[in-house]
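S.K.: Each chain, letter by letter, is given below.
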Amino acid sequence: EAGVAQSPRYKIIEKRQSVAFWCNPISGHATLYWYQQILGQGPKLLIQFQNNGVVDDSQLPKDRFSAERLKGVDSTLKIQPAKLEDSAVYLCASSLVAAPSGQFFGPGTRLTVL
Amino acid sequence: AQSVSQHNHHVILSEAASLELGCNYSYGGTVNLFWYVQYPGQHLQLLLKYFSGDPLVKGIKGFEAEFIKSKFSFNLRKPSVQWSDTAEYFCAVNGKSNYQLIWGAGTKLIIKP
Numbered sequence: 001e002a003g004v005a006q007s008p009r010y011k012i013i014e015k016r017q018s019v020a021f022w023c024n025p026i027s028g029h030a031t032l033y034w035y036q037q038i039l040g041q042g043p044k045l046l047i048q049f050q051n052n053g054v055v056d057d058s059q060l061p062k063d064r065f066s067a068e069r070l071k072g073v074d075s076t077l078k079i080q081p082a083k084l085e086d087s088a089v090y091l092c093a094s095s096l097v098a099a100p101s102g103q104f105f106g107p108g109t110r111l112t113v114l
Numbered sequence: 115a116q117s118v119s120q121h122n123h124h125v126i127l128s129e130a131a132s133l134e135l136g137c138n139y140s141y142g143g144t145v146n147l148f149w150y151v152q153y154p155g156q157h158l159q160l161l162l163k164y165f166s167g168d169p170l171v172k173g174i175k176g177f178e179a180e181f182i183k184s185k186f187s188f189n190l191r192k193p194s195v196q197w198s199d200t201a202e203y204f205c206a207v208n209g210k211s212n213y214q215l216i217w218g219a220g221t222k223l224i225i226k227p
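Residue numbers (the numbering used here), protein chains in the order written: chain A, 1 to 114; chain B, 115 to 227.
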């Protein structure tokens with residue numbers, strides 16, 4: 001079974017630039033999560049999708065972050081414009097249903113904002 | 115609000131030593147509890163979980179954790195660690211009213227061969 005795919009694996013940008021991350025969940029998984037993991041901290045949920053609808057985006061900084069999951073499969077997370085404090089690893093996870101025990105994680109994208 | 119506290123950010127042990135990583139949570143209701151592990155260069159993966167029943171749960175690779183409700187704790191244990199256990203370990207919790215995980219800051223475990 002193929003796992004959760006993410007790209008790119010690494011990205012370095014300057015502040016005020018834009019960046020986008022892509023996630024392809026495990027086939028058939030209806031629920032998709034984006035997490036932000038800052039160095040020395042645990043993951044923080046940014047947004048949760050159920051198919052192509054948003055379940056929770058209460059912790060997404062909507063003035064600069066956006067995410068979409070067209071057709072209920074792949075998802076993109078965008079930051080525009082980036083700030084220094086956005087430097088983190090962005091993790092994508094998916095699950096069959098909205099249940100934490102079934103979350104499978106991708107390798108993450110390490111973003112460095114200079 | 116729910117929160118998870120992991121007491122040690124870094125732990126260094128020799129092979130064959132016993133391991134206990136602390137995890138405490140704050141939440142007044144019924145909880146599900148998890149330990150995740152991230153080996154160097156690999157993805158986060160589930161180590162073990164507690165939903166209900168026997169408070170002593172066993173996971174992969176010889177790990178176990180005990181849920182002590184009165185202490186709001188879910189400590190991870192292994193009687194004899196191996197060099198391959200070097201990894202970062204995360205405790206997470208969710209209340210049964212929602213499916214979102216609240217994560218601890220993680221504990222980096224280094225096993226000296």
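Honestly, the hints are just simulated from the structure, not real lab data.
Where hints are given, some of them may not hold.
[Unchecked claim] Heads up, simulated DSSO-like pairs for lysine-lysine below, C-alpha to C-alpha not over 30 Å straight-line:
#1 B:K185 x A:K11
#2 A:K11 x B:K172
#3 B:K172 x A:K44
#4 B:K172 x B:K185
[Unchecked claim] Ranges of calculated distance between the beta carbons of each label pair, as one might list FRET restraints:
#5 A:K83 x B:Q159: 27 to 35 Å
#6 A:D74 x B:E178: 33 to 41 Å
#7 B:A130 x A:T76: 23 to 31 Å
#8 A:D74 x B:P193: 40 to 48 Å
#9 A:A5 x B:Y153: 44 to 52 Å
#10 B:Y153 x A:G40: 39 to 47 Å
#11 B:Q116 x A:D74: 26 to 34 Å
#12 A:L39 x B:I174: 24 to 32 Å
#13 B:L127 x A:K15: 21 to 29 Å
#14 A:L84 x B:Q116: 25 to 33 Å
#15 A:L114 x B:G167: 48 to 56 Å
#16 B:F165 x A:T76: 28 to 36 Å
Glycine included, each C-beta is placed from N, C-alpha and C at the ideal position.
S.K.: State for each hint whether it applies.
M.R.: Status of each hint after checking the structure:
1. Between the alpha carbons of K185 (chain B) and K11 (chain A) the distance comes to roughly 42 Å, so the proposed pair goes past 30 Å and is violated.
2. Simply put, K11 (chain A) and K172 (chain B) have alpha-carbon atoms about 38 Å apart, too far for the 30 Å limit, and the pair is violated.
3. Using a Cα cut-off of 30 Å, the hinted pair K172 (chain B) and K44 (chain A) holds, with the two alpha carbons roughly 26 Å apart.
4. A hinted pair counts as satisfied when its Cα atoms are at most 30 Å apart, and K172 (chain B) with K185 (chain B) qualifies at roughly 20 Å.
5. Hint check: K83 (chain A) to Q159 (chain B), Cβ distance near 31 Å, so the stated range 27 to 35 Å holds.
6. Take D74 (chain A) and E178 (chain B): their Cβ atoms lie about 38 Å apart, and the range 33 to 41 Å holds.
7. Look at A130 (chain B) against T76 (chain A): about 47 Å separates their beta carbons, and that is not inside 23 to 31 Å.
8. Between D74 (chain A) and P193 (chain B) the beta carbon distance is about 43 Å. The supplied range of 40 to 48 Å therefore holds.
9. Judged by the Cβ atoms, the range 44 to 52 Å given for A5 (chain A) and Y153 (chain B) is violated: they are separated by roughly 19 Å.
10. The supplied range of 39 to 47 Å is broken by Y153 (chain B) and G40 (chain A), whose beta-carbon atoms lie about 18 Å from each other.
11. Distance hint check: the CB atoms of Q116 (chain B) and D74 (chain A) are about 30 Å apart, consistent with the given range 26 to 34 Å.
12. Distance hint check: the CB atoms of L39 (chain A) and I174 (chain B) are about 27 Å apart, consistent with the given range 24 to 32 Å.
13. Our hint of 21 to 29 Å for L127 (chain B) and K15 (chain A) is violated, since their Cβ atoms are close to 40 Å apart.
14. About 28 Å separates the C-beta atoms of L84 (chain A) and Q116 (chain B), a value consistent with the hinted range of 25 to 33 Å.
15. In this structure the hint that L114 (chain A) and G167 (chain B) lie 48 to 56 Å apart at CB holds, the actual value being about 50 Å.
16. Taken as a hint, the range 28 to 36 Å holds for the pair F165 (chain B) and T76 (chain A), whose Cβ atoms sit roughly 33 Å apart.
Checked against the numbered hints given earlier, the structure breaks hints 1, 2, 7, 9, 10 and 13 and satisfies all the rest.
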